[in-house]
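Each chain is listed here by its residues.
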Amino acid sequence: MGIGEITVRQTILIGAALAALACAQDAQQDTEKVTMPFSNPSGPHKLVVDALQGSVTVKGYAGQEVVIEYTPGPGRGRGRRTGRNPAEPPPAGMHRIGGNRDLDVTESSNTVTVKTGVFAPVSNVVIQTPADTSVTVKTLAGRSIDIDNVSGEIDANNFSGAVNITNASGAVVAHSMNGKVTASLNRVPPDKMMSFSTFNGDVDVTLPADAKATLKMRDDNGDIFSDFDVKLEAQSPAQATQEKDKNGRTTRRVRVDGAQTGSINGGGPEIQFTTYNGRIMIHKK
Amino acid sequence: MTCDEAKQHFAEYWSQSLSDADEIELEEHLGGCDACRTEAERLGALWRQLAPPSEEPGPGLRGRFYEMLRGAALRPARSSRPPVWQIAAGIALLVGGGLLGYGLRPKDSELAQLREEVSSMRQLVALSLLQQQSASERLRGVSWAYRVEPSDSEVLQALLNSVNGDPSVNVRLAAVDALHAFGSNVVARKGVLGSLEKQDAPLVQVAILDLLVDLNDRDAEPVLRRLMQNVSTDSGVRQRAQWALEKLQ
Numbered sequence: 001m002g003i004g005e006i007t008v009r010q011t012i013l014i015g016a017a018l019a020a021l022a023c024a025q026d027a028q029q030d031t032e033k034v035t036m037p038f039s040n041p042s043g044p045h046k047l048v049v050d051a052l053q054g055s056v057t058v059k060g061y062a063g064q065e066v067v068i069e070y071t072p073g074p075g076r077g078r079g080r081r082t083g084r085n086p087a088e089p090p091p092a093g094m095h096r097i098g099g100n101r102d103l104d105v106t107e108s109s110n111t112v113t114v115k116t117g118v119f120a121p122v123s124n125v126v127i128q129t130p131a132d133t134s135v136t137v138k139t140l141a142g143r144s145i146d147i148d149n150v151s152g153e154i155d156a157n158n159f160s161g162a163v164n165i166t167n168a169s170g171a172v173v174a175h176s177m178n179g180k181v182t183a184s185l186n187r188v189p190p191d192k193m194m195s196f197s198t199f200n201g202d203v204d205v206t207l208p209a210d211a212k213a214t215l216k217m218r219d220d221n222g223d224i225f226s227d228f229d230v231k232l233e234a235q236s237p238a239q240a241t242q243e244k245d246k247n248g249r250t251t252r253r254v255r256v257d258g259a260q261t262g263s264i265n266g267g268g269p270e271i272q273f274t275t276y277n278g279r280i281m282i283h284k285k
Numbered sequence: 001m002t003c004d005e006a007k008q009h010f011a012e013y014w015s016q017s018l019s020d021a022d023e024i025e026l027e028e029h030l031g032g033c034d035a036c037r038t039e040a041e042r043l044g045a046l047w048r049q050l051a052p053p054s055e056e057p058g059p060g061l062r063g064r065f066y067e068m069l070r071g072a073a074l075r076p077a078r079s080s081r082p083p084v085w086q087i088a089a090g091i092a093l094l095v096g097g098g099l100l101g102y103g104l105r106p107k108d109s110e111l112a113q114l115r116e117e118v119s120s121m122r123q124l125v126a127l128s129l130l131q132q133q134s135a136s137e138r139l140r141g142v143s144w145a146y147r148v149e150p151s152d153s154e155v156l157q158a159l160l161n162s163v164n165g166d167p168s169v170n171v172r173l174a175a176v177d178a179l180h181a182f183g184s185n186v187v188a189r190k191g192v193l194g195s196l197e198k199q200d201a202p203l204v205q206v207a208i209l210d211l212l213v214d215l216n217d218r219d220a221e222p223v224l225r226r227l228m229q230n231v232s233t234d235s236g237v238r239q240r241a242q243w244a245l246e247k248l249q
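One line per chain: the protein sequences are F and D, in this order. The working numbering puts the first residue of the first sequence at 1, with every later residue one more than the last. The working numbering puts the first residue of the second sequence at 1, with every later residue one more than the last.
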């Protein structure tokens, strides 16, 4: 039983190795590179990344194109799951030019979309994009999402790992299900709403010292900290509700678990901070 | 561009935040569609009225004002004791005016119409923003939903769509919060309860559980029990569901 298992595994490994060798140029490096231009780089442009797993890093740079580098999954994916068609070496004298791809990169109406394949899990996708791109990243079982130096809008959703945003100067909307959400903003756009949330983890946001904003904070099982001079709004008495208890007696309940609102530097656009199990930290830059 | 799409772009068109391509497309549509053009003109006029007035008083105003003031000062003063018939006439006028005003009241629907137009404008802005590609703009759409009438079924439906299908968890979360205002509506209760088991984000599930407790929705019990028995439910959500069940009993 054990021997048979090893043999099958070895066969697959050898097959994968042969396939990798067959794509001669690719096999030289650990990472592969794809470049995709925008059809109209001077117009508003967008990058959408939809990854199943692995980490995703997006960096704003001074170039015009989207440059994607990634580490291919172990073995070309076809048959990895089904067990029927393990990666085969190419026919004699031929090399692989396409087919089942690790990564699907498309461009349509000035939006570059990067999707990772279902059967060929890639890891460590690193993307360079013009700094003023609007960036949307979603990972399902990803390790972490890191976004740096983007001045367009950012929308990041990570269903497992952390979200880490640095040097942002557009509106940011970020969520992690089981990780920490960290964001450092160089600028708070005057008329945009932002939101940071996680279920299990800290929300840690750094804002410029002169940022004008209205903060709406909700922390079910943790504390909220800030070194800003936050003018807290009193919990309004309207939040007190009357309800009947089990024995039919009327009791008054004041919601203390609801959201807390405060303003910094006189108030401004609303920024929402939400965590269920964690702390909320709002730092002054 | 369809009529519905055109209407969603109105607010951005007036606030000049529409992209060039969309603006050209919208103008082309308005050129060819009488119904949309009429609506755009009607609501556009209202939009401009809502903007702060920018007119400066003319240069002759000051001179004319002082002239009038001098005229009033030079007019001979009347006798300081008004005759009785004048007082009687005054009272008659007052009562008559009141009755007249009361009689005319049902015809004067201008205020009601204006109110209706403002609320349809808010509806338009909320619906238009909730459709945007940008998550930040959709959050703004949710904040506009607080300004419509709680009876607005179109905005309510758009909020429920956001709770069920918005790709951003944060927008879903904000939409659940906004539904507190629609709590008396059966559609809102049913919609949000139906969404509870479909959510993949525990944070949204917790927010929905809080909303159900706030609305005192006693129909929620079987759904809450099912949610607690489901092995894939997050343990934090399960605890909250337990708490909600106790509150609702």
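None of these hints come from the bench; they were simulated from the model. Errors might be hidden in some of the hints.
Computed list of lysine-lysine pairs in DSS-like fashion (alpha-carbon distance at most 30 Å, straight line) [what the hints assert, rightly or not]:
1) K216/F <-> K115/F
2) K180/F <-> K190/D
3) K180/F <-> K7/D
4) K59/F <-> K231/F
5) K192/F <-> K216/F
6) K46/F <-> K247/D
7) K216/F <-> K247/D
8) K192/F <-> K247/D
9) K192/F <-> K231/F
10) K46/F <-> K7/D
11) K198/D <-> K115/F
12) K192/F <-> K212/F
13) K46/F <-> K33/F
Note that the structure is a prediction, hence the values are computed from the model and not measured.
Hints violated by the structure (listed by number, smallest first):
Per hint list: 1, 2, 3, 4, 6 and 8 violated.
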